[in-house]
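Student: Could you slot chain B onto chain A? The hints should help.
Protein sequence lines, in the order shown, are assigned to chains A and B. Heads up: the first sequence begins at 1 in full-length UniProt numbering, then just goes up one per residue. Heads up: the second sequence begins at 1 in full-length UniProt numbering, then just goes up one per residue.
These are calculated hints, taken from the structure and not from any lab test. Glycine is no exception: its CB is placed at the ideal position from the N, C-alpha and C atoms. A portion of the hints provided could be inaccurate.
[Said to hold, decoys possible] Listed next, the stretches of chain B that the computed footprint assigns to chain A, with coverage defined by at least 3 CB atoms under 8 Å from CB atoms of chain A:
| # | stretch |
| --- | --- |
| 1 | 88-97 |
| 2 | 116-126 |
| 3 | 284-290 |
2 protein chains.
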Amino acid sequence: MSDVRRELRVELGERSYPILIGTGLLGHYDLTPWVMGDRVMVVTNETVAPLYRDRLDACFPGKQVDHVVLPDGEAYKDQETLTRVYDALLEKRHTRRTTVVALGGGVIGDMAGFAAACYQRGVPFIQVPTTLLSQVDSSVGGKTGINHPLGKNMIGAFHQPEAVLIDTDTLTTLPEREVPAGLAEVIKYGLIREPEFLAWLEEHVEALLSLSPDALAEAIYRSCACKAGVVAVDEREGGLRAILNLGHTFGHAIETHTGYGSWLHGEAVGLGMLMAADLSCRMGLINEIERERVRRLLQRAHLPARPPSDMTPDDFLRRMAVDKKNVDGRMRLVIMRQLGEAFVTDEVEPENLRATLTHFCESA
Amino acid sequence: MSDVRRELRVELGERSYPILIGTGLLGHYDLTPWVMGDRVMVVTNETVAPLYRDRLDACFPGKQVDHVVLPDGEAYKDQETLTRVYDALLEKRHTRRTTVVALGGGVIGDMAGFAAACYQRGVPFIQVPTTLLSQVDSSVGGKTGINHPLGKNMIGAFHQPEAVLIDTDTLTTLPEREVPAGLAEVIKYGLIREPEFLAWLEEHVEALLSLSPDALAEAIYRSCACKAGVVAVDEREGGLRAILNLGHTFGHAIETHTGYGSWLHGEAVGLGMLMAADLSCRMGLINEIERERVRRLLQRAHLPARPPSDMTPDDFLRRMAVDKKNVDGRMRLVIMRQLGEAFVTDEVEPENLRATLTHFCESA
Chain A
1 MSDVRRELRV ELGERSYPIL IGTGLLGHYD LTPWVMGDRV MVVTNETVAP
51 LYRDRLDACF PGKQVDHVVL PDGEAYKDQE TLTRVYDALL EKRHTRRTTV
101 VALGGGVIGD MAGFAAACYQ RGVPFIQVPT TLLSQVDSSV GGKTGINHPL
151 GKNMIGAFHQ PEAVLIDTDT LTTLPEREVP AGLAEVIKYG LIREPEFLAW
201 LEEHVEALLS LSPDALAEAI YRSCACKAGV VAVDEREGGL RAILNLGHTF
251 GHAIETHTGY GSWLHGEAVG LGMLMAADLS CRMGLINEIE RERVRRLLQR
301 AHLPARPPSD MTPDDFLRRM AVDKKNVDGR MRLVIMRQLG EAFVTDEVEP
351 ENLRATLTHF CESA
Chain B
1 MSDVRRELRV ELGERSYPIL IGTGLLGHYD LTPWVMGDRV MVVTNETVAP
51 LYRDRLDACF PGKQVDHVVL PDGEAYKDQE TLTRVYDALL EKRHTRRTTV
101 VALGGGVIGD MAGFAAACYQ RGVPFIQVPT TLLSQVDSSV GGKTGINHPL
151 GKNMIGAFHQ PEAVLIDTDT LTTLPEREVP AGLAEVIKYG LIREPEFLAW
201 LEEHVEALLS LSPDALAEAI YRSCACKAGV VAVDEREGGL RAILNLGHTF
251 GHAIETHTGY GSWLHGEAVG LGMLMAADLS CRMGLINEIE RERVRRLLQR
301 AHLPARPPSD MTPDDFLRRM AVDKKNVDGR MRLVIMRQLG EAFVTDEVEP
351 ENLRATLTHF CESA
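Extracted from the complex, chain A is given alone in its bound form (with noise of 0.2 Å):
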């Protein structure tokens, strides 16, 4: 049964381009409409392909398919696994009239995305995320990359979708983990600027973590429309936008100590949002009572709560000096004002920070 539940419709001038989020849509809806040329190289995951490739492939009829099937993981999120993409056009002759399309989670949407922004300078892409972590979040903002040695997502380019399709029915094939780690990104844009929506998820963890479609549809549908409405003030991320980084420079910390793929993303986000409002609350600026909140919505939503046990506050400190927001060495944090309205500081003191580490880091 194939059925558009939500369309949203993301501005951005002659790069805009639709989200289209239902049940059903994988092997029945056409997305030729999207497509420039005659050909289209699907870039997937070993894990996914097994899946959902033919699926997908019924989605372009009458278009010659082709598919780069990489292996599974954060830890392959690289430039030797995204040379196999190039490799894979330059093999199969593809021109810049092709379209790349992206099927898996955030890692293949990353990935696919940044190859398609590089490939003879820029081909169209598409993307269909199969995670709930990468439906609400890269479906919006055309960030790609892949990460360096050195850093998470050091390398990469903004490049818009020309389409983004979601099927909601691929997140019952997912691990366990992986639902609530797509639910701290929901979380997020309730905390960032969404006090209402932060309210619905509240009666409605339980029904988005049983997968209920309605409950699904509405909170990608908000998600992304709250993403949107932040991207299409500041597409190239010079102000607004940071604070969609909430809880990522915490959490990025803890991925690049475990080694990406250990923690997933989301996870990592989760405790990272717990901790910036930890630091908000040791700031003056949110009270108990509302830490409480963040705290409780969370722990229902089966996110972790302590680092890992072997993080001390000065692995954290290390690991966030990198950050690519901070501006000439000073380190800057996205904190809350209140639930629901989040910003950009370089202002945090140094002792507020290194308590909320210690607090976490012992709790471990």
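Tutor: Only chain B this time, still in chain A's reference frame:
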């Protein structure tokens, strides 16, 4: 003596930038108005660094200047060498407020520009081209990128500089073949849409070969202005811009066949333009007198008239089949309707193309 002889503004809306052309600029001209943050990363090579690095540093008073020195040559315009630029930026903890500066020829400009396009999803860059070819070609258009074993410039991005500084004094230290190679691209502008400039070049080719500062400033200015006129109409290479590739499809085939670096890019393009003129003549578009005018000017500019002796027509055809201009399998070529008017076509009769290839390969 620091002397800006000509200044051109490339108009691209909010990405407009100046090209400053003169003598004695390195060591004296203040480039800090085009540097946003406190830090600069100069990307250069082993040949250029000892000649001009210190003088370039003096153009950034008060800024912290780091350097990364790459091996010299088109053979190093690859992913591995590009990675060294990322490594240097990350090891020295450059943030997204750094400015990347390219000091060198086209290879350095393409790689430094691509690194700037991708580092943290894009940082500003400044070009200081030190070869005639890069001064008249890379200064305008924003093309950056690297080669892939299966094709030239297959991976890249469009990224506009903040400013371009052209000190024609740098041409005095160029190897002997480099000035003719650069003149090939200068002549190209005359051939594609500036018949008056073509006549000017027929009068000044010897002055240019002897590095007259006034003739150089004029030729560089007119070349950049011509290219800027084309790019302003067609920034992302949808249509008109393809005429800038006159001679390049043949030329790339030669470069790929011989391995990058044995023929200079300009030498290959020079011969490629002669082959395009021959093809245009066989197609009845230009006459034999015009073809001879092209041959004579290229000869006076000391450019090669014959392909490598081991290269066959089939070698050309196979290499030309992967060109980026091709659309859905059809070969597209730039040819001339008359001297000073080039256009793109996918309607070259295979017999005419083969006749041109056979003619040149048999002459070798």
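Student: For the stretch 284-290 of chain B, do three or more residues have a beta carbon lying closer than 8 Å to a beta carbon of chain A?
Tutor: With 0 residues closer than 8 Å to chain A, the stretch 284-290 of chain B misses the three-residue bar; violated.
Student: For the stretch 116-126 of chain B, do at least 3 residues have a Cβ located nearer than 8 Å to some Cβ of chain A?
Tutor: holds (count 6)
Student: Per the coverage rule (Cβ-Cβ under 8 Å, at least three residues), is the stretch 88-97 of chain B covered by chain A?
Tutor: holds (count 6)
Of the numbered hints stated above, the single one contradicted by the structure is hint 3.
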